[in-house]
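Visitor: These are the residues of each chain, in order.
Protein chains: 4
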Amino acid sequence: MKISSIKSTSSGGTSAASGSSTGFGSGSGASRSFNLRNLSKLMLPPLGSSLSQSTSDSDKRVVSPLDSRYRCWETFMVILVAYSAWVYPFEVAFMDARPKGGLEVADMVVDIFFAVDIVLTFFVAYIDSRTQLLVRDRRRITFRYLSTFFIMDVASTIPYQGIAYLVNGEVREGMVYSLLGLLRLWRLRKVKQFFTRLEKDIRFSYFWVRCARLIAVTLFLVHCAGCLYYLLADRYPDRDKTWIGAVIPNFRQESLWIRYISSIYWSITTMTTVGYGDLHAQNNLEMIFNIFYMLFNLGLTAYLIGNMTNLVVEGTRRTMEFRNSIRAASNFVCRNHLPPRLQQQILAYMCLKFRAESLNQQQLMDQLPKSICKSICEHLFLPVVKEVYLFKGISREAQLLLVTKTKPEYIPPKEDVIVQNEAADDVYVVVSGEVEIIYFNGEREEVMGKLGTMDIFGEVSALSDRPQTFTFRTRTLSQLLRLKQATLREVMQSKPDDSALIVRNFLKHQ
Amino acid sequence: MKISSIKSTSSGGTSAASGSSTGFGSGSGASRSFNLRNLSKLMLPPLGSSLSQSTSDSDKRVVSPLDSRYRCWETFMVILVAYSAWVYPFEVAFMDARPKGGLEVADMVVDIFFAVDIVLTFFVAYIDSRTQLLVRDRRRITFRYLSTFFIMDVASTIPYQGIAYLVNGEVREGMVYSLLGLLRLWRLRKVKQFFTRLEKDIRFSYFWVRCARLIAVTLFLVHCAGCLYYLLADRYPDRDKTWIGAVIPNFRQESLWIRYISSIYWSITTMTTVGYGDLHAQNNLEMIFNIFYMLFNLGLTAYLIGNMTNLVVEGTRRTMEFRNSIRAASNFVCRNHLPPRLQQQILAYMCLKFRAESLNQQQLMDQLPKSICKSICEHLFLPVVKEVYLFKGISREAQLLLVTKTKPEYIPPKEDVIVQNEAADDVYVVVSGEVEIIYFNGEREEVMGKLGTMDIFGEVSALSDRPQTFTFRTRTLSQLLRLKQATLREVMQSKPDDSALIVRNFLKHQ
Amino acid sequence: MKISSIKSTSSGGTSAASGSSTGFGSGSGASRSFNLRNLSKLMLPPLGSSLSQSTSDSDKRVVSPLDSRYRCWETFMVILVAYSAWVYPFEVAFMDARPKGGLEVADMVVDIFFAVDIVLTFFVAYIDSRTQLLVRDRRRITFRYLSTFFIMDVASTIPYQGIAYLVNGEVREGMVYSLLGLLRLWRLRKVKQFFTRLEKDIRFSYFWVRCARLIAVTLFLVHCAGCLYYLLADRYPDRDKTWIGAVIPNFRQESLWIRYISSIYWSITTMTTVGYGDLHAQNNLEMIFNIFYMLFNLGLTAYLIGNMTNLVVEGTRRTMEFRNSIRAASNFVCRNHLPPRLQQQILAYMCLKFRAESLNQQQLMDQLPKSICKSICEHLFLPVVKEVYLFKGISREAQLLLVTKTKPEYIPPKEDVIVQNEAADDVYVVVSGEVEIIYFNGEREEVMGKLGTMDIFGEVSALSDRPQTFTFRTRTLSQLLRLKQATLREVMQSKPDDSALIVRNFLKHQ
Amino acid sequence: MKISSIKSTSSGGTSAASGSSTGFGSGSGASRSFNLRNLSKLMLPPLGSSLSQSTSDSDKRVVSPLDSRYRCWETFMVILVAYSAWVYPFEVAFMDARPKGGLEVADMVVDIFFAVDIVLTFFVAYIDSRTQLLVRDRRRITFRYLSTFFIMDVASTIPYQGIAYLVNGEVREGMVYSLLGLLRLWRLRKVKQFFTRLEKDIRFSYFWVRCARLIAVTLFLVHCAGCLYYLLADRYPDRDKTWIGAVIPNFRQESLWIRYISSIYWSITTMTTVGYGDLHAQNNLEMIFNIFYMLFNLGLTAYLIGNMTNLVVEGTRRTMEFRNSIRAASNFVCRNHLPPRLQQQILAYMCLKFRAESLNQQQLMDQLPKSICKSICEHLFLPVVKEVYLFKGISREAQLLLVTKTKPEYIPPKEDVIVQNEAADDVYVVVSGEVEIIYFNGEREEVMGKLGTMDIFGEVSALSDRPQTFTFRTRTLSQLLRLKQATLREVMQSKPDDSALIVRNFLKHQ
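Keeping their order, the protein sequence lines are chains E, G, R and S. For the first sequence, counting from 1, position 50 maps to 50 in the numbering used here; every step adds exactly one. For the second sequence, counting from 1, position 477 maps to 477 in the numbering used here; every step adds exactly one. For the third sequence, counting from 1, position 359 maps to 359 in the numbering used here; every step adds exactly one. For the fourth sequence, counting from 1, position 186 maps to 186 in the numbering used here; every step adds exactly one.
One should not assume that every hint holds.
Same chains, same names: a pair is fine if it fits in one copy or spans any two.
[What the hints assert, rightly or not] Mimicking BS3-like on lysine-lysine, the simulated pairs with C-alpha atoms at most 27 Å apart in a straight line are:
#1 Lys-450 - Lys-374
#2 Lys-392 - Lys-374
#3 Lys-484 - Lys-495
#4 Lys-374 - Lys-407
#5 Lys-370 - Lys-450
#6 Lys-508 - Lys-484
#7 Lys-407 - Lys-370
#8 Lys-370 - Lys-405
#9 Lys-484 - Lys-405
#10 Lys-407 - Lys-484
#11 Lys-484 - Lys-450
#12 Lys-392 - Lys-407
#13 Lys-370 - Lys-386
#14 Lys-392 - Lys-405
#15 Lys-450 - Lys-386
Bear in mind the hints are in silico, worked out from the structure with no lab data behind them. Bear in mind the structure is a predicted one, so any value in this text is a computation, not a measurement.
Please put together the full structure from these sequences, using the hints given.
Guide: Structural data, given as structure tokens:
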């Protein structure tokens with residue numbers, strides 16, 4: 001009765017917990033059930049939950065940074081920033097910083113969105129770096145934003161040329177406006193944050209996120225270099241003595257498309273160190289620009305290769321480990337002239353180990369605190385151990401003690417777990433798979449029976465301390481719980497009541 | 001008597017096992033004896049053995065994917081795919097997608113083989129990814145194939161031009177056919193699978209398999225880029241303003257061979273970033289193609305270097321470890337001014353450790369489940385321990401207990417294992433090599449005797465708890481089994497009968 | 001009373017130590033309080049402290065190499081060396097080794113500073129490599145300097161041309177002077193030392209220090225190669241058949257600026273393997289130079305990439321580990337169909353582990369010697385344990401014993417640390433965070449109370465050996481000290497007086 | 001008496017060992033004392049020593065491969081092989097395979113040396129790969145050589161042209177002779193063996209040996225490619241349509257020097273992917289050669305970079321580890337607000353750990369077998385422990401037991417090892433350094449005394465089980481032997497006589 005009551009407790013606890021988990025994931029209440037999709041959110045404020053209770057007091061208009069809709073907005077802003085970063089150098093170089101037609105309208109729309117984002121930021125909660133808690137207080141949010149990024153954000157959004165036009169009544173081309181435009185590159189930090197977040201999100205492949213980031217950086221730099229190099233040629237007094245003028249004499253009359261493609265072509269030819277030489281520096285200024293660009297590319301190329309190496313190493317690690325394990329095992333087997341049956345078992349086990357990752361679960365368990373481990377064992381093995389005839393009816397505490405001390409093992413097929421006439425040893429509970437009972441009568445082996453889930457074996461020998469009377473051999477891949485003889489005895493000594501029950505169960509069964 | 005009977009049991013068990021192992025390797029019965037050649041097969045279905053019994057029921061015409069003949073067929077298909085992937089871009093670029101003579105026939109033959117492969121796939125068992133079992137049921141095979149790769153496989157095999165010819169009665173050159181030909185590249189997944197399998201097969205060097213894979217990828221891409229770049233020049237209206245036309249004015253009249261080599265030459269000059277500049281982009285379209293090709297090459301080069309770094313690191317790991325170990329040992333030795341004899345021993349042991357890999361076997365044993373370890377110890381050391389005079393006649397259980405608790409050690413030559421007058425300590429059994437018994441009479445050492453395989457030493461001291469009366473020094477490299485004094489005592493206490501026998505053996509021997 | 005007296009002892013010890021720490025940091029007495037700024041100093045003579053007492057005897061004019069002012073002087077010298085290394089090849093190549101105007105004066109000033117540095121070195125203490133002690137004895141300093149670097153230092157500082165002018169009365173251009181100038185490059189070892197020191201200083205990012213070093217090396221080599229290549233062209237008899245003469249016919253009449261930029265442009269085009277081909281070798285001598293330069297660059301590029309790879313691997317290591325951990329945990333959770341609540345706990349814990357690095361402190365503690373560990377535990381946990389009601393009034397020794405045996409654990413919010421009706425187990429002391437006492441009455445959970453800092457729980461069960469009567473669940477992230485039941489009993493057995501006190505405390509509290 | 005007698009035993013054993021060590025290093029008796037110089041020799045036959053006794057029987061004319069003079073000969077042969085590998089492609093390409101003057105003579109001399117080497121090989125012992133023993137039997141050496149490398153060695157040495165001249169009476173230029181010359185490249189395996197041996201020899205820096213190997217491979221390939229490319233141009237019918245003919249119209253009339261330098265210049269320009277474009281392929285044959293050369297270079301460059309990365313990673317590993325340790329420690333220290341004195345101790349200890357590598361000796365000891373460890377402890381610590389007053393006169397066995405159970409620890413200066421009023425704990429023996437005895441009388445600390453080498457402290461408390469009466473603080477860096485209280489008691493219990501003696505010593509001393 002005790003057991004059943006506690007059972008319901010446990011389920012009650014679970015439902016209570018799943019109810020309270022709404023506050024755990026995020027303060028916005030958007031994610032009701034916990035799943036992997038929300039992991040990237042959880043990742044940010046695992047300790048923020050205690051604050052979720054005070055959420056109700058705070059401003060309803062404050063948005064959590066983990067809110068799905070805000071995440072969408074952020075992704076949209078990243079796209080706008082990418083557009084903005086691409087269009088600015090292009091306009092400066094090829095349009096004398098005076099965009100026309102569609103581009104001018106697009107620029108204005110983007111600027112409006114950025115202005116909206118600045119306003120929105122005053123309503124987005126943040127995670128305090130010291131306490132790791134979500135701050136939803138309007139005043140603290142405002143203070144923090146004003147004292148950090150606000151000025152730069154505003155400066156990068158003001159349409160200086162528009163203001164100048166309003167003030168002066170005319171559009172003026174000028175170095176000043178181009179330089180003020182540089183402030184827009186400040187927005188790129190949003191892209192960096194975006195990629196940093198994606199890299200930590202296990203839903204996306206690290207390899208491809210990292211590649212995307214590197215490609216984005218490379219493309220942006222190639223674009224900037226191309227635009228700047230064209231600008232140098234465009235402004236140079238003697239237009240025939242420029243890199244593009246030497247090949248296309250009247251390049252300013254050529255279409256925008258041809259000029260842009262030529263710039264990018266040169267830029268990427270240099271970046272990848274191909275250097276055909278069809279377009280090359282003609283005057284001192286271009287040489288100086290080239291020197292810095294090539295030096296910079298040396299670093300960038302090294303950085304790209306370094307990253308790729310890192311990704312390749314990570315990607316092939318598992319195959320390497322598998323090969324090394326198998327090689328070590330087969331060397332061992334050959335060197336020691338083990339019998340074929342043992343060879344098979346060893347190699348099959350090593351293969352199995354890399355296929356079934358669950359065999360590595362011990363390593364994970366070691367990292368978790370004891371109370372979580374206990375819960376896991378209870379969830380995974382208690383249902384089985386409870387149904388084993390030997391432990392039927394014993395107190396829940398004793399069952400828990402036994403469960404937390406068992407060790408799960410995966411055994412490949414056709415392997416002897418216990419050999420007839422061996423000394424008494426560990427007790428095994430079958431979790432899954434099938435085990436054959438084999439008796440060797442001096443001449444040949446007879447299969448005496450078969451064991452399945454929730455059966456136990458080795459207990460006769462362990463309790464009576466006699467040699468094993470049967471061989472137990474796995475028929476299929478089996479998951480067994482191993483319980484050391486000593487542990488079983490310890491538990492029985494510490495719980496006299498349960499011990500009597502176990503012995504009674506044992507005798508009744510024989 | 002008991003021992004001999006069990007001995008025959010053990011051999012009986014082995015023969016039974018080797019008989020049943022035919023079903024373990026693969027269901028087709030092709031591989032009767034287990035050896036390393038079959039490891040790559042074993043790797044796939046280590047858990048499939050339980051199903052091999054139901055094999056007899058299933059369709060005889062179903063082929064196992066692990067069957068040797070099917071493996072040959074697969075390798076042959078990989079060669080055809082390689083041919084097909086090479087010839088398609090070539091035909092499109094240089095022959096207006098209308099192959100002539102030998103090539104046309106070859107293409108048809110290859111297509112027929114692919115059609116055969118599609119039919120064959122309906123008869124090939126597969127490994128269910130969830131249960132890891134071999135599925136040999138015709139209906140499930142058919143359903144799985146139809147619902148996954150069938151459509152693409154068929155689409156990549158249909159001879160569109162042939163059908164068009166049958167329908168229209170004439171061969172038409174056209175973009176459509178070229179694009180439909182792209183479907184043939186779908187077949188490349190077979191090559192990928194092939195290399196992935198080779199990489200996991202320890203019969204082949206990982207270094208060379210990986211290199212071959214990278215070279216294959218590189219060559220294919222170089223070939224594709226070359227063909228595509230030629231296609232651009234070929235279709236460009238103004239033929240003098242193309243990369244090849246600028247160098248060879250009437251390039252369309254040149255031989256196929258010269259045009260192909262020029263394309264590949266340009267392709268590889270760009271890929272390797274040599275970029276001589278003798279062939280370079282002349283118009284906007286070529287520049288755009290170049291831009292993408294160079295960007296792509298940047299990634300590919302980084303990937304190649306990353307892979308090579310990975311292989312080099314793996315390849316030199318052992319030498320590195322050896323050097324670090326020896327350096328640490330020699331630093332230690334120098335710093336502490338150890339006597340020359342001890343210096344020799346330490347350095348010889350460290351060298352030995354890296355030569356004789358068997359010294360690292362402990363690490364492997366730790367990974368295996370206990371029941372396999374016990375079998376290994378039994379196989380390797382029981383024959384020796386059984387013959388040691390001290391343990392003659394004791395029960396098999398006691399012998400097994402002792403065997404599983406010994407620790408094998410390799411000792412370099414000329415080393416003192418036990419020193420005269422030292423306190424009683426561990427007991428050693430000689431597995432191989434020779435050990436000298438040395439007595440120091442106060443002035444000089446006298447060799448009192450020699451011990452060989454199956455001899456034991458240190459037992460006098462361990463059992464009687466007196467200081468050692470002799471020094472035991474290895475003459476050659478010796479493999480010894482170390483048995484802790486405490487373990488010996490434990491075993492003796494737990495088995496009173498065997499303990500009496502051991503003591504009797506001991507007294508008789510003295 | 002005993003406790004308070006010892007408490008004051010402890011504080012006394014601390015003040016005494018902080019007083020004596022002046023001698024520990026450096027002998028010069030410049031750094032009175034220990035902080036991270038001084039770590040780079042400490043790094044050098046951790047063992048030099050014992051000598052600081054004899055400092056008073058030694059020459060007051062001897063400067064410690066760790067003195068802040070001397071460090072400034074060294075950094076200043078590094079800047080001068082950098083200037084000197086840049087200007088020497090420039091002068092030889094472009095000015096026939098006869099600097100004019102500002103450069104000549106600057107060279108003289110720099111030489112004077114180097115002369116001052118040579119004199120100063122006689123007054124700088126050094127660290128004996130054998131004893132790791134700071135040697136402040138003037139005679140030993142003098143002897144060491146004279147026998148090692150003195151001659152080279154002097155040789156690299158003598159103004160040979162100036163002396164020749166004084167002797168011969170005229171300035172002569174000559175190969176000899178240029179070659180003697182090579183001696184100045186000897187000074188570069190100062191730059192190497194500077195970077196090596198920076199790399200070990202954790203105040204600076206390893207990534208940027210390493211990058212700076214590599215950039216410095218690259219720039220210096222590019223500069224040297226450019227100058228040398230110009231020199232080859234300048235001295236070549238047929239000036240039209242030189243790399244620069246082929247492009248700029250009368251290059252000697254061009255401005256210095258154009259010639260220098262062209263040299264550097266060529267140098268860097270070759271170094272980065274861009275190789276446009278606009279400037280290339282024209283005669284045999286230039287080809288030979290090119291061959292060696294390109295070979296050298298191959299090595300340098302590989303070295304740069306190798307370094308970058310190393311830095312990237314190091315930089316992304318933590319993210320990789322985080323991803324692998326989380327992935328393993330989420331695989332484990334999915335495979336075993338754990339209940340959602342348990343899933344949350346496990347993933348939250350793994351996230352927490354990587355956010356809160358303090359969870360890894362165990363690893364650091366393991367490296368420290370036992371006496372330091374004891375001090376740390378005493379400092380961190382004694383104030384808490386002392387205030388726990390159960391241990392109030394017990395002897396300091398017993399408290400210390402308990403403290404050194406507790407294990408700190410971080411538990412994420414909403415986790416059951418102890419579950420109602422479980423067997424008696426460990427005792428927990430709350431260091432920070434909040435823990436709820438929950439009672440499940442068969443139907444629903446009731447919160448019975450809340451525990452905070454310095455509260456203890458689990459002790460009822462542990463001392464009376466009955467099942468737990470309540471569930472203890474964390475409300476917020478909590479830091480708990482876990483004390484094993486067995487440890488508590490051991491301590492109580494070894495200290496009967498304290499044991500009685502503990503029992504009394506316990507009973508009084510119930 | 002017993003001790004002294006054993007002492008002489010020990011020294012006797014050492015002298016006997018050093019006498020017998022002559023047979024251990026190598027059979028030739030060339031290296032009498034063991035030192036690091038001989039390590040590279042030892043590395044090869046650590047197990048060969050047992051055979052050295054049978055050396056006297058074997059042929060005196062058989063040379064050991066480890067003999068110093070044979071090593072010199074081998075190095076000399078490597079130089080000859082290098083010359084031979086350089087000169088062969090050169091002669092084929094630039095001299096129509098007909099060397100003149102000095103080169104012809106040099107070739108003949110080299111061939112004679114190779115012939116001598118072939119004869120010599122019949123007299124060089126070899127190491128059997130299976131038994132790892134040195135085989136000195138003439139017949140087995142002959143059989144092995146004849147059945148493996150003999151034919152190739154002879155084939156690579158025969159002067160085919162000389163024989164043809166003797167037979168035909170005239171020198172004929174011919175493809176056949178050039179191809180037969182290819183056999184000479186077989187000798188390169190000697191170079192490979194040479195470098196492989198150097199890489200394992202810790203006397204040489206791995207970085208530089210590896211670099212030298214890579215440079216050698218690169219140079220050889222550059223030379224071969226250059227020669228082969230020239231050969232292609234030289235044999236091409238239309239000499240103006242060759243890579244060199246396009247630049248130097250009558251290149252065959254140019255001096256050898258100019259042609260060779262041009263070839264190497266082209267070769268290295270392509271290899272390093274600089275690709276200026278001044279020399280580039282002009283006909284189809286050259287393009288094909290170029291394609292393969294560039295593909296090959298891609299692999300070679302990746303291999304070079306991979307190796308360099310590996311070396312860089314290895315080279316900076318220690319600095320990285322140091323930085324990570326220090327950073328972890330300083331983070332820990334800051335986070336936990338430890339008092340300044342404790343901060344100092346922790347950081348000083350971490351620094352110390354990386355300076356004094358001896359602190360890592362534990363790791364080495366763990367790898368060695370128990371018997372060697374015991375010898376090391378005996379050598380290092382027994383002289384100290386024997387002189388400690390507490391253990392004076394106790395039996396050698398007891399001393400050995402104590403010694404093998406102590407743990408050496410390095411303690412930085414100014415640290416409290418034992419604190420007054422703490423519970424009884426471990427016993428420490430001072431090996432080096434100084435320790436102060438400090439008494440705190442409630443107000444201030446008084447230095448009561450100083451301990452030096454061979455003093456023991458903590459024993460009063462440990463034996464009488466009272467709290468410590470003094471604080472023991474290190475004055476200088478001290479090496480202490482830590483002996484656990486429990487271990488001391490165990491030893492005393494197992495040796496009642498020695499226990500009585502220890503207690504008597506203790507009481508006498510108080």
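Visitor: Against each hint, give a clear statement of whether it holds in the structure.
Guide: Results for each hint:
no.	hint	in the structure
1	Lys-450 - Lys-374	between (31 Å within a copy, 23 Å between copies)
2	Lys-392 - Lys-374	within (20 Å within a copy, 31 Å between copies)
3	Lys-484 - Lys-495	both (17 Å within a copy, 19 Å between copies)
4	Lys-374 - Lys-407	both (13 Å within a copy, 17 Å between copies)
5	Lys-370 - Lys-450	between (36 Å within a copy, 22 Å between copies)
6	Lys-508 - Lys-484	within (23 Å within a copy, 38 Å between copies)
7	Lys-407 - Lys-370	both (15 Å within a copy, 11 Å between copies)
8	Lys-370 - Lys-405	both (12 Å within a copy, 16 Å between copies)
9	Lys-484 - Lys-405	both (8 Å within a copy, 16 Å between copies)
10	Lys-407 - Lys-484	both (9 Å within a copy, 21 Å between copies)
11	Lys-484 - Lys-450	within (23 Å within a copy, 39 Å between copies)
12	Lys-392 - Lys-407	within (20 Å within a copy, 36 Å between copies)
13	Lys-370 - Lys-386	both (21 Å within a copy, 25 Å between copies)
14	Lys-392 - Lys-405	within (18 Å within a copy, 35 Å between copies)
15	Lys-450 - Lys-386	within (20 Å within a copy, 34 Å between copies)
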